[in-house]
Structures are given as C-alpha cells and as structure tokens.
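Peer 1: Chain B: place on chain A using the hints.
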Amino acid sequence: MNKIPNRQAICETLMAHAKEDKRIIALCSDSRGSASMTPFFNEFPAQSVEVGIAEQNLVSIAAGMAHCGEKPYCFSPACFLSTRSYEQAKVDVAYSNTNVKLIGISGGISYGELGMSHHSAQDIAAMSAIPNMRVYLPSDRFQTEKLIENLLKDEKPAYVRVGRNPVEDIYGEDNCPFEMDRATVNGEIDAQNDVAIIACGEMVRPSIEAAAILKAKGIKAVVLDMYCVKPLDRAAVVKAAGNARLVLTVEEHAPYGGLGSSVAVEVAAKCPRKVITMALPDDHVITGKSPAVFDYYGLNADGIARKAMENLE
Amino acid sequence: MDVKALTLKSLELRKVVLEMIMKSGGGHIGGDFSVMDILVTLYFDQMNISPENMDDENRDYFVMSKGHSVESYYAVLAAKGFFGTDTVINEFSQFGSKFIGHPNNELPGIEMNSGSLGHGLPVCVGMALACRKENRPSRVYTVMGDGELAEGSVWEGFMAAGHYRLSNLCAVVDRNRLQISGTTEQVMTHENLHAQIESFGWNVIETEGNDIAKLHEAFDQARAVTDRPTCIIANTIKGYGGGEIMENKVAWHHHVPTKEEYEEIVKAIDAKKEVALHE
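In the order they appear, the protein sequences are chains A and B.
Numbered by numbering that gives the first Met the number 0, the letters in the first sequence go through residues 0 to 312 in order.
Numbered by numbering that gives the first Met the number 0, the letters in the second sequence go through residues 0 to 278 in order.
Hints are not guaranteed to be accurate.
DSS-like cross-link-like pairs, simulated, lysine-lysine; straight-line CA separation at most 25 Å [said to hold, decoys possible]:
1) A:K152 <-> A:K21
2) B:K97 <-> A:K155
3) B:K258 <-> B:K248
4) B:K213 <-> A:K21
5) A:K152 <-> B:K132
6) B:K213 <-> B:K271
7) B:K22 <-> B:K3
8) A:K155 <-> B:K132
9) B:K79 <-> B:K213
10) B:K14 <-> B:K266
11) B:K266 <-> A:K18
12) B:K79 <-> B:K258
Hints listed in this document are in silico derivations from the structure and should not be mistaken for laboratory results.
Since we're looking at a predicted model, the values are computed, not measured.
The following block holds chain B by itself, in its conformation from the complex:
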C-alpha cells in the first residue's frame, strides 16, 4: 500500500466534499472530514469492492451507518469509479436528484439506505451471518459515529455479533468526540468505550483514525482475529484537514462555509498535502 498516495487522495477528496457542500448549501462537513481517511483506507486498501464486482456475492460488504457523512462517502465512491465526481458535485441534494443527503441504494455502490442512526451495525450482523452461512470469503464493514453509540439498537448489534462470534465483521467508530450539541462526554458519556465493547465479546483495537498507515495496520490485525468480531475505535479529529478554523469545533457539524472560510479550508488542505508530499 502506498500510504503517501492514499493520504494525498484523502486530502484531495475533502476538496470534493467541500465543492458538494458549497454548491448545495448543505451537508455535514465536520464528520465528513474526520471519517475520510477511514473510508479511503477501506475502499482503496482493504475492501474487495469495486464497480466491476458489485454483483459478485463473494465481494466484501459495507454499510455507512453514520449516513450524514454521505458527502465523503459519495466522494470516495466517485473516486472508485461508481459514478462521476462532477456528477455528484453538480447533483448532490439538488431537486429530484438520486444523490440524496443520506446514502441511497438506488445509486451504484451503495448497499443499504441509512440516515437514521443505529441501523448499520445490526444490518451488518445480518450480512455477516448470511456470508458465514454461505461460506463466502466476504468481510463486512460498517462505520459508526461516536454520538451514534447512544442508540440502543447499536448495542443490540454488538450483543448479537459477540454472541455469534462473527469474525467476518469489523465495525469502525469514528471517534471524533464531538456531536451536534457538544462533546460526546457532555452529551452522553462513553468514557469506557473500549471496555464496554470488549465486554460484549468483541476484539477492540484503538488507533489514530486520521493516519492511513495506522488504519491499515488496525484493519490487518482485525482480519487476523478468527474467533470474534473486531471494533476499531478510530480516534479522529472532527473537521480534520480543514485547518484551524474548523478542526475540533462543534459548530462545524453541519456548518456551510462562507466564501472566505472556503478559501481558508482549501489553503489548509493544500498545506497538508505539501507536508504529506515531503514526508
């Protein structure tokens, strides 16, 4: 895997997200930027999913449980060739568009609709059970937000996956520690998240979620565990890549940048790309 190339790609795709949000006047930019490295690692390093194999039952499966980060999901799917990048920038959230403000499985590459939180993990439990029953090599992945973990249905999913020892299932928590009303610890604490998930019979790996090399390592470790599902707690920074004005700021959950802010964000992304290029 070429860490530098993927890091650059991930930064560049944040610009695509930015364009979608500027053009449509809406979106969830903070979570988009925190989750982008996770999605890029999954789609360009880990998962056996491509426009060519979407009809192959033996492919891997992915559900974007934190559906509000759909802009980053669309940007990654476009980069993967499921649809055109210009198409998604021009059509996102426009009247009559299929590029809805949450994942829409009428679009190529999207398995399930999401948007209401707490659905992705239980759905993936079903997918993992089915793949195991049919002896498929498939792995099943979902990405959840940390605010999402207050949904009870998430813990029903954790419980069932642990009970059935679904080692073909890997859940990722985009642990950016912010949600719409404040920090996750203020709103509904998950201080002991690692131990909580572990106690449901899961292998738990904590890693830096905006570092593609470390994510790669974590996903490889998860693959090697054969008796339990794995949860990767990916410690991220909300708004990562957007620079000082938006990183780790609650207000940027779904803020639409002004023209000036847009320019500052582009500058910040370019500065990060420069650093990545010379690392």
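Bound-form chain A, shown alone:
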C-alpha cells in the first residue's frame, strides 16, 4: 500500500525545484502540517510565508507576490480555500491574471467525520465557473508530481485539489503517461467499448478496478483519468465515447457543476448518448471516514461496476 499522499508529492516536487528557483514561494494559513509542507518551511524559510488562519489574506498576499515576480503556491484546506477566499481567487488571481497556484488540500470528503463545514464538494463547480481559472484533480502521487512540474513552467492561475489520505498507485515512477491538459487513457479506446468511464481525483482508482470487474463479466470499458477538469479534454471525451452505449462519470463532488456536468454538455453536443453521473448527494454527506462514506454512496469499484451494468441493460 502506498503511504505517500498526493499533498506530500506536491511538497517533494516543490522542494526539488525551490533550491534552484528562489522565486518559488509556499504560503500557508496555519496549514503547513495538514499540507505536508513543514519540510519546505523548515528548509526554505525565506521562501515560506505564514499568514495565520486568514484564507482571504492568504490568496491576496499570494497575488501581490506573484505580481512582483514570485511564484506562489497557496496551501489551505479545499473547503476554506474554495469558499472563504473565493472572491480573492476570482478578483486577485483570475481577473488580475496573477501567477498563483491554489492548492486545496484535504479536498472532497477527506475530513468525512468533521461535517459539511470541512467538506469541499463544491470546489470544482465554484472554481470552474471563474474565467481564467484552471481546475486540476490529480489521481495519484506520480501524476501529481507531473502536474506540479508542468504548473511550475507556466504563469497562469490554477486550482489543484488533492485528498488527505494516500491513494493506491495507478501509475509508476517510470510509467506515468502525462500530457498537460490531456486526459490519461487507462485501457484502450476501440469500437467494441460498451462504456466509457470518466473520472477524476480519488475516483480514478476505483473506476479502473470497476473496469476490471466489468471485463470479467464480458463488458468492455475504458477509463479516462480526467485530472484536467478545466480545461476539459473535450476531444478525449468524444473519442472515448466512440461507439460506447454509455458514458459514466465519477467524482468526489456534489452532483451539480462538476466533472459530470461538463462531460454531459460535451457529449450532448458532439455525440449524444446516455450519460450517468456518479457523485456525492445534494445533501449533508453522512458522517464517517471517507472510504466508508464512499462505500455508502456506491462510489467504489463494485458500485461503479453495478451502475454501469444497470444502465447498459
């Protein structure tokens, strides 16, 4: 079992570059521990900024630093970063077009037991609705590293959501196909596919396992790892839909305004067919650790496979 959560992969990637690039800055809102960023703060104090529990300040300060040529990465729980500082993300980052990377940690229902105040089931919708804001949900530590490597090379705003817990590896050290803003295809896209599963973040792994379950039952599925929720890889959606009878989206998010909504719009316009969106409910999410909560709502391999079969009948 992999023990490295995606947030730690971000810290390690930034640390690998921060020595050479002194303009890489980490900003935390009393969140360096939760963000796995303590080693960065310890090793690069001159490149670290603590703002205290003040998410609005966190994002505005980062925007000011970016305007003066720094490369700030803001770390705060996704639940606060995507709501408390939403206007700062909209005005100071996206509208002013500053090179700020917003890293929403402990995203989705990572804090399952802590209640809705600590859930970020709205962040994809919220951030996607802002012009000039990109939205990324990497699926495993290797993809996270590739994503951060690429974000370091550009100067545009972005929001990245990662979960709190380690997720099982999907890719490998030497086997992580990655192209910026292009979905990663798991399986094969061919004319015989029955279902195209499109997932992001922590839902990619169970989607791949679901494809294996379906295969054993003679149902052919391809899985798109759509880590780039915005800009959505529209061409990949249409290609994966191919001749499939069903497109199934899976996300750790509210049922509105997330990956499913974006995919459904694209499929409806370009290759109309049945789209089923799997997500958290439009309700207070049940209390529990996230794996138990996922099981409860069928957001696991069995649940995804079952949903596919029901909708192929």
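Peer 2: For chain B alone, kept in the frame of chain A given last:
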C-alpha cells in the same frame, strides 16, 4: 515640490473627472473629488512610477483599493502620460471599452484589478513582502476608503503587515466620513480608527487630505519609519473642490450632475484655482 502647481493640477484633473462622468452618465464623483489630492501627491511627488519604468521591478507599486474612485485614478494616469486624456474621457464606461468603471490592469499603469473592497491592502502586503525578499528599494502604496474599513479582509491585511513589520508599505485612508448610506459613524463606526490601526503594529499619521503640502509632509514622515508600516489617515471632504452643492453631501456618492450642476461645479473649481493661484 511645487505645491501651487500640484494644487492647480489636482483641481484641473477634477474637471477631467467631471467630463468623464458627464459623457458616460455614471461614476463615483464624491470619492473622486475627495481622493484627488492624495493621488496627485503620490503620482507627481512621491512615487517612482512612470510610463517609462513600468517594466522596472525596482519601481514603486500602487493599488487603488477604493476602485470605485476610478475616474480620478484614470485622470491622474492620463496626466502622467499612460494614455490620452481625451481617450479616457471619450471611452470611459463605453461599450467594449477597456476603461471599465473599476480599475482594469489591461490598461497601462494599472497593477491590479480592484472594485470589490478590502482587497488592496492584503495584495499590497504580498507586494511589500516580495519587494523586501528581493531587496528592492520599492515602496508599496494603497488607498482605501473609510467605508471600506468595514471589510474584515482589510484587518487581515493590517495584521499581517504589522506582524511582518513591512516598513516599505504605506496605506492611505481617504477619510471623508461619508458612504453610500450615510456617515461612516452611522453605518459602522470608526471613532477610534487611529488607535485601532496603531494597535495592529502600525505607525499612524493623521493629516489633512485635501492639502498637498501636508500630504507631502506625511508621506515623507512615513518614508523615514523603518521598523513598521505606516497608515496615513487623510482627513478629506467628500466632493472637495466641487463647491457647496456637492461638498460633504451623501447624495453625491455617485450622483451624475445635471447641466446646471455641472456648470456650478466648474465655477467652484475655477474659483478654487483662483485662490490657489494667488496664495
């Protein structure tokens, strides 16, 4: 510094503001007139900012936090040579224009977009941190309204700047004591503003905000403080320069003058210019 010349310039630029508002049929004239002397002192006396040095990282930085006073900001930037005065008068708030009704950083000379209140100070904290980290001589300035101070994010900014002892940061409060719904003391009191800001670790200077000589002195004093950020509480009169019909009147927050009012305001500005000329 030539106080008389800048005072005359400041009065003349109020006329540019007036033209923009008359032509577009919208704007925030009261705050424009109260803040004008602060902007003129910053751009023509204090700050190292010009169209020639906007790519120089060692320049000074300015954020117009009270973005609704954009007409005065545009008028000053035009006078500074960032764009034409006629251009801004003709294009302000027109369909498809870049001269939006709040600062737009797609225009030359404007660092950051603003409009929603309570953003300028925290952004400037970031700029001041970056300039200090890079050992730049730059100073960072922002101008806020006093009604704006009800935004919590302003106090997050005050707190962080005090914590980090950002002596390269200077915030100005355009303290005209009026906001859209009434006096600031009626809407949300700041009776102890001086002490409030001081308690966040700031050097605080109170001065007359429609007096260029006094503003000059205050900014020079701020520059000499090397261990703390400085806040200048600039006591101003909303609508200053526009004469009796608009000075210190709540209704003029975003009132568009009638033809008759326009003429009275022009007369009042000219009368003030006469006084300034002979002082």
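Peer 1: Run every hint past the structure and note whether it holds.
Peer 2: Quick rundown of the hints versus the structure:
no.	hint	verdict
1	A:K152 <-> A:K21	holds (14 Å)
2	B:K97 <-> A:K155	holds (21 Å)
3	B:K258 <-> B:K248	holds (19 Å)
4	B:K213 <-> A:K21	violated (41 Å)
5	A:K152 <-> B:K132	holds (22 Å)
6	B:K213 <-> B:K271	holds (18 Å)
7	B:K22 <-> B:K3	violated (29 Å)
8	A:K155 <-> B:K132	holds (22 Å)
9	B:K79 <-> B:K213	holds (22 Å)
10	B:K14 <-> B:K266	holds (10 Å)
11	B:K266 <-> A:K18	violated (63 Å)
12	B:K79 <-> B:K258	violated (29 Å)
Consistency note: the structure conflicts with the earlier hints numbered 4, 7, 11, 12.
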